[in-house]
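Enquirer: One-letter residues, chain by chain:
6 protein chains.
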Amino acid sequence: MRIKIVNPNTTLTMTSKIGACARAVAGPGTLIEAVSPDMGPASIESHYDEALSVPGLLAEIVKGEQSGFDGYVIACFGDPGLEAAREIARGPVIGIAEAAMHLGSFLGRSFSVVTTLERSAGRTWELAEKYGMARFCKGVHACEIAVLALDTDPDARKVVTETALRAVEIDKSDAVLLGCAGMADLCQEISDKIGVPVIDGVAAATLLVESMLRLGLRKSGRGEFATPIPKVYSGILSAFGG
Amino acid sequence: MRIKIVNPNTTLTMTSKIGACARAVAGPGTLIEAVSPDMGPASIESHYDEALSVPGLLAEIVKGEQSGFDGYVIACFGDPGLEAAREIARGPVIGIAEAAMHLGSFLGRSFSVVTTLERSAGRTWELAEKYGMARFCKGVHACEIAVLALDTDPDARKVVTETALRAVEIDKSDAVLLGCAGMADLCQEISDKIGVPVIDGVAAATLLVESMLRLGLRKSGRGEFATPIPKVYSGILSAFGG
Amino acid sequence: MRIKIVNPNTTLTMTSKIGACARAVAGPGTLIEAVSPDMGPASIESHYDEALSVPGLLAEIVKGEQSGFDGYVIACFGDPGLEAAREIARGPVIGIAEAAMHLGSFLGRSFSVVTTLERSAGRTWELAEKYGMARFCKGVHACEIAVLALDTDPDARKVVTETALRAVEIDKSDAVLLGCAGMADLCQEISDKIGVPVIDGVAAATLLVESMLRLGLRKSGRGEFATPIPKVYSGILSAFGG
Amino acid sequence: MRIKIVNPNTTLTMTSKIGACARAVAGPGTLIEAVSPDMGPASIESHYDEALSVPGLLAEIVKGEQSGFDGYVIACFGDPGLEAAREIARGPVIGIAEAAMHLGSFLGRSFSVVTTLERSAGRTWELAEKYGMARFCKGVHACEIAVLALDTDPDARKVVTETALRAVEIDKSDAVLLGCAGMADLCQEISDKIGVPVIDGVAAATLLVESMLRLGLRKSGRGEFATPIPKVYSGILSAFGG
Amino acid sequence: MRIKIVNPNTTLTMTSKIGACARAVAGPGTLIEAVSPDMGPASIESHYDEALSVPGLLAEIVKGEQSGFDGYVIACFGDPGLEAAREIARGPVIGIAEAAMHLGSFLGRSFSVVTTLERSAGRTWELAEKYGMARFCKGVHACEIAVLALDTDPDARKVVTETALRAVEIDKSDAVLLGCAGMADLCQEISDKIGVPVIDGVAAATLLVESMLRLGLRKSGRGEFATPIPKVYSGILSAFGG
Amino acid sequence: MRIKIVNPNTTLTMTSKIGACARAVAGPGTLIEAVSPDMGPASIESHYDEALSVPGLLAEIVKGEQSGFDGYVIACFGDPGLEAAREIARGPVIGIAEAAMHLGSFLGRSFSVVTTLERSAGRTWELAEKYGMARFCKGVHACEIAVLALDTDPDARKVVTETALRAVEIDKSDAVLLGCAGMADLCQEISDKIGVPVIDGVAAATLLVESMLRLGLRKSGRGEFATPIPKVYSGILSAFGG
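Protein chains in written order, with the numbering used here: chain A, 1 to 242; chain B, 1 to 242; chain C, 1 to 242; chain D, 1 to 242; chain E, 1 to 242; chain F, 1 to 242.
Incorrect hints may have been included.
A pair holds if it fits inside one copy or across any two, identical chains being indistinguishable in the list.
Claimed, not checked - Each computed DSSO-like pair below joins lysine-lysine, with the alpha-carbon atoms no more than 30 Å apart:
no.	residue 1	residue 2
1	Lys158	Lys63
2	Lys172	Lys138
3	Lys63	Lys138
4	Lys130	Lys63
5	Lys130	Lys172
6	Lys231	Lys172
7	Lys158	Lys231
8	Lys231	Lys63
Because the hints were derived from the structure by calculation, they are not lab data.
Work out the full structure: start from the sequences and follow the hints.
Expert: Below, the structure written as structure tokens:
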């Protein structure tokens, strides 16, 4: 079983950390490959960044299909390009916000999300609504630490932990979701400190893809998520150019 | 990793089938035990049956906790006693409707449910609403085959398959959920015949429990799902009698 | 007209208080009988307690049907076993949360609920959602007084009253619902003190059952709430054993 | 206990029928007075008719307050002027759509509404949404019989009955609501013929007002539904002119 | 292109201000006429006031149709009589709450409403829900300045501005909607002071009506919003009396 | 006033038609420029196509900002890149689905959408939900004509018209929305034939942008839609590269 984790930003230290977190939970027979696209933003902190990350992300899915990967994780909490990826992949594709929210709903009545910047909160709410998870989401709390500063700011761990603790107190929630793939390595530490379960979407999505594969669940070949219709694409790389 | 699958009805042939379906997908290191309670209805086809199945089901969870099980599956599509079970178990508890619906939402925009009797449809809609999955559920279609007749009626496979096919055509849905643990063994066959993915909640829930365990996700010790407060219980077996 | 009020816990002093509150509002020709089941928890403060109260509660409904009761009230704010009770009763069955919430919606744009323990709030929200009343429910406020302490804690009246007052101020709501049958006798006193209407679900449900009976409204004999299908029940008392 | 039923149209034969239906269910000590306003439309079959019925209706509420009525029913299925009436009445005011929908939700999982003209269906859906009852409403089915023709068209009973039967079959619903006060007298007959409970909102609202009064439930004196602020009104009769 | 703005209260200084605000944004070829009805309340601050304003408002629409107006604005933030007005007008009718909320949804993820009195907040929430805009509305904030005091209270501008600023801070919203036609002239000033866009519904509705006209969009002649059926109206002026 | 209409596909004949439809409704002082990006798909018929159209679309917005455009229309019914575009533009950006749905909600209680391919229906429902317009959307009906075939298939007009007619009959809706920018020129013809209003989103969005500009409504400079944070972008053109 081969699962490709696509970190849609181009910061390879983060990709490497993401890969490690996925490997730490993957089953014995599962091969994890974590990659970043060749093109795209160094971090994703706006709708604009997200939009520009998608072509590179999709190119990685196309390459993944060509080299026989079985499933994919999109390792950014905005779940960019999820539906397009589902059209072009034969096997399952899971976003990390999607994974974290769904598993979060199994831990009680509610969860809180700890995100990087306040400006990302709107996207989180939008995804919660789209996945049917808004009823479980009691709050989205920003640390005001930029994505790449998670690794460089010496206070980052402390601030994220404190934000998680405050989130649980304000929201009276049963779990905390880490709202950025760059926080994946903090999961256990924060959980230990705040005494409520903390979910890293990267690990969660990896196991959901594994589960879908083990169950043999693949999209049907027809309808909204069928392979895109081949056509002419100008000035942009497409595997479906006619 | 030890997972206990509780079929909340007392029909052991069905329990045995359910156990086999769980074992077929469980990971190599996972031990599956499938049981029925000592007390309860032979099948669950009403709110009344569901209510009477719960004390026996909860007793099995209590026994499971005593003998060190790590997680639980509730193997009836009404997900009876799910919240009470979560209070008394330390580890994850997943219902098969819950599992099937969540995984179903990863396969496209919508799913249909194939259930046994029309009178069960209301409960399915209620669960879909509760889990946030109503937006994905496009229809609940009854076969009008009683639960225990799934194993004895020679036409059962044919009728369930035809109902699944009709469901997909009417609902234009991307997946079919089997709305009864007694249909677990039909999953692959129906999927092959109708050409869309079919989800058996037993297998799905087993892998979700495994995933939660692999991620170390356990409820927090406080709030709504904390261990029940010990007190006097009259005339009914309770592990929490004070 | 004979109405049976089932207090699903086994604390008879509370049952007696509940009966008195129902009788105080019932019409002249209405006979009220308030009972507790033989088996079940002394108080209901968790999903587990609620689940274990249901078989005893249903047995009381069955006995009620045998002795010709016309309708039933389920006198616990979690409305345990409501749907199962509706299947086995010919006449109306109303839960006290259901009754309080519906009448509460007639008093303005919103209500607040005052509950015993914080851990019960989740169930209240779930019922509000299920009954379509979530849009009216602006808050669920816990007194942190255990159910049975309502009668023994000398500060109970004061704390419940203060919680009701705070609820109205925070939520700017038009009415307060008493979130426990054990508070039934406080209704008038609190309303007088806080100057907004306060609803006791026991009295409210009694009058709703009376109203349904006076209107001759009985469930149809078919569909989801038809009498359960007779079958084998093991190790548990059932009136529908085949 | 004195309850005033306001039929907001000016057709007195209909008012008289409405009064009889209310009296048939009211408790022994309850005095029912059914009136029509002096001004307004002969029947209500549009938003325009509804709007023009409201000043006359409100004038009847004001007169009712002056002569000491305890509560009010608004006997038109569009529930015109309900919120304004609640502002100016000290006691409870219930609309017949409101009453029918709430009681309908106690009879199972769903109800259907049988209305007069197709053009009225939108208003019914709007009220269902507003009252939180949309989740119970499975369909609104028009007879295409004008309001006043209910009493003159020899086929009216037959057509309404057939529409109710078709509604239940299509919607698989557990109850039927009569979507016009002019159908109040058909309630028992249709219920007998179609074998599912049928609710007349006039009778239902009468008993809900009685129940509210018996419970001593009156709006709080503050907030959205407080008495209107006195001011200058030009060219229109107002009891609150400053 | 001729657009009639109906201020449904009878305070002509406010009507005059409203007309000026509409003219300030209308296109070069558009003729704006702002009127008040002959009958109705001096200001609209309750459901009762709103109800009594509607007949006069509708009479102005009827007169407008007779003198060939192309479209209408209802210049009160409760959007009184909107649906009735749509039945009797051939061309578009837009309410100022409707206009402000829809345009507000184009400016980001959320808006706040600044209203006059707290008791009006309920109506604003109801309209937001009805128009599908509740997901964008993060708060309704009262100034506790009466409608007519907006022009006479020397502190009014300051209080409205401060309320708008506080609304944006509390709600973290992307825009502010002025919740009363009497605030129309404050729009630019407040926007400049608080640094977020502020929407005056009068100007917004004027341009939406213009847009509908320019697009040739007129209601269909059938269904819910068709011309009312002619009939007898007693004691009230109606253009549709039979 | 200068408005740029971006057709996010690269088919210039369609762009030209779109420009003509916008110019036909724009005000006298408004300059319309309709463009296609240099890169992207020839038509947009999948999530994949949509994703690949966005970078080119955003580049056009950036160029538009540099050359002083005041506002933008995104002329594809999937509203691709709408939120990213709002981040990078100073003035208003409106999508044609957004525009059509909002104006559609002013014409009655409901609208139907006529789309090209069935596989696009899911995206339409998603947008309706996101904009709060799902309550107005009664159906999405596919013609099964590919986007570019709208101009080449001799039966296209007939099929789109028939689909619109059928949509209105099935859905009993008050308006039809054309679900593809390539249908813009059919608007008047279909409306005339089916007798209900038909909305072309291109024209609608053009007038909404004009209205926003006339009202001086520009996003606030802060929060979710503030200008993206400058950073390194690899292998893809970005105006915000740090």
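Enquirer: All the hints need checking, so say for each whether the structure fits it.
Expert: Hint-by-hint comparison with the structure:
Within a single copy, Lys158 and Lys63 get their C-alpha atoms no closer than 39 Å, and across copies no closer than 41 Å, so neither meets the 30 Å cut-off. Proximity of Lys172 to Lys138 under the C-alpha cut-off of 30 Å is found in both arrangements, the shortest distances being 8 Å within a copy and 16 Å between copies. Neither within a single protomer nor between protomers do Lys63 and Lys138 lie at most 30 Å apart by alpha-carbon distance, with minima of 38 Å and 34 Å respectively. Taking the shortest alpha-carbon separations for Lys130 and Lys63, only the intra-copy value of 28 Å comes in at or below 30 Å, while the best inter-copy value is 32 Å.
When the C-alpha separation of Lys130 and Lys172 is checked against a cutoff of 30 Å, the pair qualifies both within a copy, at 23 Å, and between copies, at 19 Å. Taking CA atoms no more than 30 Å apart as the test, Lys231 paired with Lys172 passes between copies only; the shortest distance there is 25 Å, against 51 Å inside one copy. When the C-alpha separation of Lys158 and Lys231 is checked against a cutoff of 30 Å, the pair qualifies only between copies, where the shortest distance is 25 Å, while the shortest distance within a copy is 51 Å. Taking the shortest alpha-carbon separations for Lys231 and Lys63, both the intra-copy value of 19 Å and the inter-copy value of 27 Å come in at or below 30 Å.
Checked against the numbered hints given earlier, this structure breaks hints 1 and 3; the rest are met.
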